[in-house]
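A.B. asks: Whole structure, please, built from the sequences with the hints as guidance.
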Amino acid sequence: SQQGEEDPQALSIQEGENATMNCSYKTSINNLQWYRQNSGRGLVHLILIRSNEREKHSGRLRVTLDTSKKSSSLLITASRAADTASYFCATDYDYKLSFGAGTTVTVRA
Amino acid sequence: KAGVTQTPRYLIKTRGQQVTLSCSPISGHRSVSWYQQTPGQGLQFLFEYFSETQRNKGNFPGRFSGRQFSNSRSEMNVSTLELGDSALYLCASSYGQGVGEQFFGPGTRLTVL
Numbered sequence: 001s002q003q004g005e006e007d008p009q010a011l012s013i014q015e016g017e018n019a020t021m022n023c024s025y026k027t028s029i030n031n032l033q034w035y036r037q038n039s040g041r042g043l044v045h046l047i048l049i050r051s052n053e054r055e056k057h058s059g060r061l062r063v064t065l066d067t068s069k070k071s072s073s074l075l076i077t078a079s080r081a082a083d084t085a086s087y088f089c090a091t092d093y094d095y096k097l098s099f100g101a102g103t104t105v106t107v108r109a
Numbered sequence: 110k111a112g113v114t115q116t117p118r119y120l121i122k123t124r125g126q127q128v129t130l131s132c133s134p135i136s137g138h139r140s141v142s143w144y145q146q147t148p149g150q151g152l153q154f155l156f157e158y159f160s161e162t163q164r165n166k167g168n169f170p171g172r173f174s175g176r177q178f179s180n181s182r183s184e185m186n187v188s189t190l191e192l193g194d195s196a197l198y199l200c201a202s203s204y205g206q207g208v209g210e211q212f213f214g215p216g217t218r219l220t221v222l
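If you read the protein sequences in the order shown, they are chains Z and B.
FYI, in this note's numbering the residues of the first sequence are 1 to 109.
FYI, in this note's numbering the residues of the second sequence are 110 to 222.
Derived by calculation from the structure, the hints in this document are not laboratory data.
Take these hints with a grain of salt, some might be off.
[What the hints assert, rightly or not] Cross-link-like lysine-lysine pairs, in silico, DSS-like; alpha carbons within 30 Å at most:
1. B/K110 x Z/K96
2. Z/K69 x Z/K96
3. B/K110 x Z/K70
4. Z/K69 x B/K166
5. Z/K56 x Z/K69
6. B/K122 x Z/K26
7. Z/K56 x B/K110
8. Z/K26 x Z/K96
9. Z/K70 x Z/K56
10. Z/K96 x Z/K56
11. Z/K26 x B/K166
12. Z/K26 x Z/K56
13. Z/K70 x Z/K26
14. Z/K70 x Z/K96
15. B/K122 x B/K166
16. Z/K26 x Z/K69
17. B/K166 x B/K110
18. Z/K96 x B/K166
[To be verified] Per label pair, the in silico range of CB-to-CB distance:
19. Z/E55 x B/G112: 26 to 32 Å
20. Z/E53 x B/L192: 42 to 48 Å
21. B/S131 x Z/R41: 16 to 22 Å
22. Z/R108 x B/S188: 42 to 48 Å
23. B/G125 x Z/S39: 26 to 32 Å
24. B/S131 x Z/S68: 40 to 46 Å
25. B/N186 x Z/P8: 33 to 39 Å
26. Z/N52 x B/I121: 42 to 48 Å
27. B/L192 x Z/N38: 24 to 30 Å
[What the hints assert, rightly or not] Below, a sample of chain B positions facing chain Z; criterion: calculated Cβ distance under 8 Å:
28. L152
29. L199
30. Q211
31. G216
Every residue gets a Cβ at the ideal spot worked out from N, C-alpha and C, and that includes glycine.
C.D. replies: Structure representation (structure tokens):
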């Protein structure tokens with residue numbers, strides 16, 4: 001079974017718009033990570049936020065973490081066609097990553 | 110630095126056969142994890158190795174096994190293949206003792222007929 005759940009399952013936006021996706025998880029974590037996957041290929045690490053951090057930025061990405069609500073959000077600003085992909089949150093605990101089901105983002109030109 | 114490599118990239122087997130998948134981590138990385146990805150179950154953790162020791166194992170039957178060699182390369186084996194084992198098998202490596210940022214390989218696409 002999966003630790004996390006992403007919301008929404010799918011998202012379609014226009015190029016230049018922002019995309020926000022949310023992740024909820026169930027158990028204690030060491031950190032939470034976000035990954036991107038293009039068309040059934042390998043995953044690419046985007047950002048890691050530790051359990052004692054509340055917000056983190058990396059380029060056009062902004063991640064928040066609320067451990068009291070066991071939730072995280074990923075914001076992609078000024079989206080581009082190349083951002084079309086599936087995005088997964090993953091919680092790190094006990095030497096394993098537990099992934100959510102993912103959010104499929106489509107950026108329309 | 111070369112990325113994580115997985116061989117073979119594609120594999121077709123029939124039910125009842127066994128298969129061995131290989132993963133070479135990034136040079137210097139000592140942790141290797143394996144994941145199964147299917148449309149129905151998503152990404153599921155199989156096992157993680159650090160310095161040849163299995164530190165955690167996912168909820169998979171004993172038909173799924175793995176090992177890590179002294180050079181950190183890892184293999185996973187699936188015996189008595191079932192149709193439901195058709196999946197993308199992903200290997201990931203990381204440097205330290207914690208899981209941390211994972212670097213994923215391109216995966217091995219296994220089809221069981």
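A.B. asks: The structure should be examined with respect to each hint, and the outcome stated for every one.
C.D. replies: Each hint, compared with the structure:
1. Of the supplied pair hints, the one linking B/K110 and Z/K96 holds, its CA atoms being roughly 25 Å apart against a limit of 30 Å.
2. This hinted pair checks out: Z/K69 and Z/K96 have alpha carbons roughly 21 Å apart, not beyond 30 Å.
3. Taking the CA atoms of B/K110 and Z/K70, the gap is near 36 Å; set against the 30 Å cutoff, the hint is violated.
4. At most 30 Å may separate the alpha-carbon atoms for a hinted pair to count; Z/K69 and B/K166 meet this at roughly 28 Å.
5. Of the supplied pair hints, the one linking Z/K56 and Z/K69 holds, its CA atoms being roughly 17 Å apart against a limit of 30 Å.
6. In summary, the hint linking B/K122 to Z/K26 is not supported, as the alpha carbons are separated by about 37 Å, beyond the 30 Å threshold.
7. Straight-line distance between C-alpha atoms of Z/K56 and B/K110 comes to about 27 Å, which keeps the hinted pair within the 30 Å bound.
8. As the CA atoms of Z/K26 and Z/K96 are separated by approximately 15 Å, the hinted pair is consistent with the 30 Å bound.
9. Pair hint Z/K70 plus Z/K56 holds up; C-alpha atoms about 16 Å apart against a cutoff of 30 Å.
10. Proximity of Z/K96 to Z/K56 is assessed by CA-CA distance (about 22 Å); at most 30 Å being required, the pair is judged to hold.
11. With a C-alpha separation of about 19 Å, the suggested pair Z/K26 and B/K166 falls inside the 30 Å cut-off, and the hint holds.
12. Taking the CA atoms of Z/K26 and Z/K56, the gap is about 21 Å. The hint holds against a cut of 30 Å.
13. At roughly 7 Å between alpha-carbon atoms, Z/K70 and Z/K26 fall within 30 Å of each other, so this suggested pair holds.
14. Distance check on the hinted pair: Z/K70 and Z/K96 sit about 18 Å apart at the alpha-carbon level, within 30 Å; holds.
15. Distance check on the hinted pair: B/K122 and B/K166 sit about 25 Å apart at the alpha-carbon level, within 30 Å; holds.
16. A hinted pair counts as satisfied when its Cα atoms are at most 30 Å apart, and Z/K26 with Z/K69 qualifies at roughly 10 Å.
17. Between B/K166 and B/K110, the direct Cα distance comes to roughly 29 Å. Compliance with the 30 Å bound is thereby established for this hinted pair.
18. Note on Z/K96 and B/K166: the hinted pairing holds, with a Cα-Cα distance of about 8 Å set against a maximum of 30 Å.
19. Distance hint check for Z/E55 and B/G112: the Cβ-Cβ separation is about 30 Å, which falls inside the suggested range of 26 to 32 Å.
20. Taken as a hint, the range 42 to 48 Å holds for the pair Z/E53 and B/L192, whose Cβ atoms sit roughly 43 Å apart.
21. A hinted range of 16 to 22 Å holds for the C-beta pair B/S131 and Z/R41, which are about 18 Å apart.
22. The hinted range of 42 to 48 Å is satisfied by Z/R108 and B/S188, whose Cβ atoms lie roughly 46 Å apart.
23. For the pair B/G125 and Z/S39, the beta carbons lie near 31 Å from each other, so the given range of 26 to 32 Å is met.
24. Checked against the given bound of 40 to 46 Å, the beta carbons of B/S131 and Z/S68, roughly 43 Å apart, stay inside it.
25. Hint check: B/N186 to Z/P8, Cβ distance near 38 Å, so the stated range 33 to 39 Å holds.
26. Hint check: Z/N52 to B/I121, Cβ distance near 47 Å, so the stated range 42 to 48 Å holds.
27. Between B/L192 and Z/N38 the beta carbons are some 27 Å apart, a value that agrees with the proposed interval 24 to 30 Å.
28. Checking B/L152 against chain Z: minimum C-beta separation of about 4 Å stays under 8 Å; hint holds.
29. Evaluation of the B/L199 hint against chain Z yields a held restraint, the C-beta minimum of about 6 Å falling below 8 Å.
30. At its closest, the beta carbon of B/Q211 sits 6 Å from a beta carbon of chain Z; the interface hint therefore holds under the 8 Å criterion.
31. Look at B/G216: its Cβ gets to within about 6 Å of chain Z, closer than 8 Å, so that hint holds up.
Comparing the model with each earlier hint shows violations of hints 3 and 6; every other hint is respected.
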